[in-house]
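Trainee: Next come the chains, spelled out residue by residue.
Protein chains: 2
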Amino acid sequence: MKIDHLITSPTLLLDEKICRANIATMAKKAQEHGVQLRPHLKTPQSQEIASWLREYNVQAITTSSLQMANYFMADGWKDITVAFPVNIREMGLINRLASQIQLNLVIENEEAILALKEHLKHSVGIWIKINLGNNRTGLNPDQTDKMQELLKVIKTVPQLKAIGILGHAGQSYYSRGNTAIRQIHDNTLKICHQLKAIFPTLKISIGDTPTVSVATNFSGVDEIRPGNFFFYDLMQYQIGSCTLESIAVAMACPVVAKHPERKEIVVHGGAVHFSKDHLLFDNGTSYYGLVCQRQDKDDSWQLLPTQAYLRGLSQEHGIIAADHDFIQSVEIGSLLYILPIHSCLTANLMKKYLTLDGRTISMMPTLFN
Amino acid sequence: MKIDHLITSPTLLLDEKICRANIATMAKKAQEHGVQLRPHLKTPQSQEIASWLREYNVQAITTSSLQMANYFMADGWKDITVAFPVNIREMGLINRLASQIQLNLVIENEEAILALKEHLKHSVGIWIKINLGNNRTGLNPDQTDKMQELLKVIKTVPQLKAIGILGHAGQSYYSRGNTAIRQIHDNTLKICHQLKAIFPTLKISIGDTPTVSVATNFSGVDEIRPGNFFFYDLMQYQIGSCTLESIAVAMACPVVAKHPERKEIVVHGGAVHFSKDHLLFDNGTSYYGLVCQRQDKDDSWQLLPTQAYLRGLSQEHGIIAADHDFIQSVEIGSLLYILPIHSCLTANLMKKYLTLDGRTISMMPTLFN
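Each protein sequence line maps, in turn, to chains A and B.
If you're matching positions, the first sequence starts at 4 in my numbering and goes up one per residue.
If you're matching positions, the second sequence starts at 4 in my numbering and goes up one per residue.
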């Protein structure tokens, strides 16, 4: 590609056009169905990419940590939901954010509310977390008595305002194909209706990229919070929530060795670049990425005519399994383009993007605490 | 612990005493066996931790990338081997490093030598990479004709000086128990002797933490390059290359939710903190870390009387499976200490350490390219 000369080490390429198209598609869908789009920025983790949302009048965003909320607040975002159960050790940062923006927090237990009652100096919005079936966090949908109790406690805290009920049907990541995804979504909608009947003044927010990408009915839903849709990836492709043409990111990795006798190529690009997330082929073999190609900038990533895949990762090494002809065609020092399994984790490791125009887009720096 | 009040979000704790003891043990072993210790700093990635090596007169180090070599060069290290096949797109950085220090590079093909011939402006040392059985990179040990050919080409390049033959028996990571590790090491020694007989003037360097930790014979070996031994981790513990008492790092993670009905605790600490590396219990269940405890700073990490383990990771969430009594004993907002599966990848994500004395130790910043 035209930007190859800019690349010396493993580089995360971003196709800005595809990413902007993914945003446009999701914004249009939200508008058509009358739901608020509050995109989850844990995937791009970039102020610049978030700014592309403003073209669609998106005013509200989601982050996965207070630190990330802080980073986006610095770029002018004024309505941020941190979609992670309140960590009551972080009251300092909660107060700092709440003093400046409309901060919305997620709770699922009384302890968190009482800690907020004691330490909070500014008002925040509260979402009650429910478990939509992925069994990660939240109250079960039938624990409506418990929800009533929490709402009662919330009412005793002047700094808190209950906004609604929030869930994430993350079990969609284990489903494959439209029918399976829609079944999960139908179950979500059923829960939404039941809760709406009991809590008519509360909003309902749902979130995962697979169901939101595939669904055509959002009745009972007030807000959607997809994140991965900015870029999509091979996991979403395998689930069935995107096409290959919607994948906006790929890694460019320099070839450092060839082992035709083992049908392998070694690239610079390892676990510290891709992450160790993997998928399984039908035969049970695991893979960490697929080699792809493209004709030009206005095209999209396409798989090779014969499969070449990342079969193993060390810290810096990537081992590509490929056929003899492909290995012969590749030169030491050339670049291979590889679609990642999980774009959120790959982006989180790479910390910046190179667009196909050769522009660098920065991300949130790593600054824990 | 005494430092708990300093911790608000997921934090990588470093027991400096254990880490220094691990260094002392390895340095003593190298000295006793008359081999040079050239520690691999891909694990700690920290100038301060590397400085602890100087107490044992360690002058030479290994890194996994040129960027990492650059970071350690800035702290005065003057003899650095980058244990990764030369990426010929990085000639600029190779030249910059080679102009200032004794830089040693690893090659396994003629293309890399010819690229160095054309672009290298300063002298570098060259190691020929061999495959000690892990089938990642390198020539097979019986390809001695090919090694002779490469040495011949190296001789035509005035900037290059052949130092020796370098291998990494990384298949040790798939072995369990001393006997299995020793078998791998015995095979390595056999290869070393065969190559020494053919190339008597070349040094031989080997490297993986499991075999180097367990081996008691280094005959035919000139240099060892372990890295993980600085910290060890649960993977090394399962392999059998360390005791629990030798594990120097643990993650401290705030508890954000409890789900006794599912026998689960949710902590702040996810894939962006731990990495997705996992191990399997005997029953085939995978886990991403084990909850541990310690009495005081002068103790070491110990497992709980009844097992509690990290059974799943999302981007920021960690799901702990534990028994009823343990869940009851844990409070929202308290900290759980979790031993990581793979300390190299966890450290790479966390980017800093908190010592048990409350001191922050910095790491190499993420600066690709």
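No lab work stands behind these hints, which were simulated from the structure alone.
It is possible that some hints are incorrect.
Since the list gives no way to pick one copy over another, a pair counts as held whenever it fits inside one copy or between any two copies.
For lysine-lysine, the following BS3-like pairs were computed, each having C-alpha atoms within a straight-line distance of at most 25 Å [claimed, not checked]:
hint: 1; residue 1: K354; residue 2: K149
hint: 2; residue 1: K149; residue 2: K266
hint: 3; residue 1: K266; residue 2: K158
hint: 4; residue 1: K124; residue 2: K32
hint: 5; residue 1: K355; residue 2: K279
All figures in this text were calculated on a predicted structure; none of them were measured in a lab.
Trainee: Which earlier hints turn out false for this structure, listed by number in ascending order?
Mentor: 1, 3 and 4
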